[in-house]
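Student: Dock chain P against the given chain L, drawing on the hints supplied.
Line by line, the protein sequences are chains L and P. Just so it is clear: in the first sequence, position 37 is 37 by our numbering, and no numbers are missing. Just so it is clear: in the second sequence, position 166 is 166 by our numbering, and no numbers are missing.
Treat the hints as calculated values from the structure; they're not laboratory data. Careful, some of the hints might be misleading.
Once the Cα atoms are required to be at most 27 Å apart in a straight line, the calculated DSS-like pairs of lysine-lysine come out as [stated by the list, open to error]: (1) L/K12 <-> P/K45; (2) P/K99 <-> P/K26; (3) P/K99 <-> P/K142; (4) L/K8 <-> P/K26; (5) L/K12 <-> P/K99; (6) P/K99 <-> L/K61.
Being a predicted model, the structure only gives us computed values, none of them experimental.
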Amino acid sequence: MNFPLELKALEKTELAEYGLAQVRDVAFDAFLRMWRYRQSQGWTQKRLADNIGRDKATVSKYLRGPANWTMRTLGELVQGLEADVQITIEPLEEPSQDGANYDAYDEHDWNTSRIKAVTPLPLPLATGTAVSSAIYSVVKNV
Amino acid sequence: MSTASLVGDLENAGRIVRYRPSGNRKARRCLFLTADALRTYNDDKSAVVLLAGRGAIKNAFDHWTLGRRIWGHQSRGIFTEGRFLKPLHPPPPNIWEIKVTEPVVQVRIFGLFLERDHFLVTSLHTRKFLDEGQNWLDVMNKSAAAWNALLPTVSPLTGHQIGDYVSENYDEFPIRTKGPRKN
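Just chain L, same shape as in the assembly:
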């Protein structure tokens, strides 16, 4: 089977669409978190609508997704929620600041590296050296 094993990298023109989708996604996520917090304090859609001088149907549409959001929409909603906004942009080459200390693919890498490490193991095991070096390979790969 002729199966390319990688996802095609984005073209430069596609990067803008990707960036826009990412920013929308993260902005909506932040907005909904704040909205849920306000809901827990007893806020209703009507209150948010009143705060930004719009009708409830518009707020309901905003809550369904960020399809037509602009920077102005986000700013309007942040103020309507009586909130503050912070934006963080992180370099891709550095670990994320979100505190993730594990990788969900680790178990699969462990599985793959174990196969690779065990295959060249000399048999029979005459000394402990071969075992130690095989184990070291697995740990190193993980």
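Tutor: Same frame as chain L, now just chain P:
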């Protein structure tokens, strides 16, 4: 045989490929693509790439793998499936869609769960294509067939609520398998 072993075998055989977030971002959830799904994503002339663009699809892959929130739709304090991840009405059972809703031409990413936090993408289609004739059902059947071809001895993950499929950062909502078909 564990899921990790099965997935490892399929990856080593080049039958599925994993999606990794860009840079040094750690994955909170796993996403794999079948050959068909990858071919669609990589093809500059596929309908989803031409009409919706790879950027929005890649962002959906990121949303999943980076562990962003699986929001439910909230109405009067009750959560139902939300704007990102939705179980499709059976039969066939256990087919899901990831919704890419922001471009004008929307995309649906079809797949099944290998295990909790492990999603296997079987195909990608525009919403417009799916709404024509019996295409929803055809695509769901093809997803089930793709699973059976790859993992004939394994059943996809089945659960009663979203927390059976996702381990963190989600709104709990039940998996509806009865009632009128809405997909």
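Student: Against each hint, give a clear statement of whether it holds in the structure.
Tutor: Structure-based check of each hint:
1. For the given pair, L/K12 sits about 17 Å from P/K45 by alpha-carbon distance, which is consistent with the 27 Å threshold.
2. Between the alpha carbons of P/K99 and P/K26 the distance comes to roughly 23 Å, so the proposed pair stays at or under 27 Å and holds.
3. With a C-alpha separation of about 18 Å, the suggested pair P/K99 and P/K142 falls inside the 27 Å cut-off, and the hint holds.
4. For the suggested pair L/K8 and P/K26, the alpha carbons sit about 20 Å apart, so the restraint of at most 27 Å is met.
5. With a C-alpha separation of about 24 Å, the suggested pair L/K12 and P/K99 falls inside the 27 Å cut-off, and the hint holds.
6. Between P/K99 and L/K61, the direct Cα distance comes to roughly 17 Å. Compliance with the 27 Å bound is thereby established for this hinted pair.
Going through the hint list in order, the structure satisfies each hint without exception.
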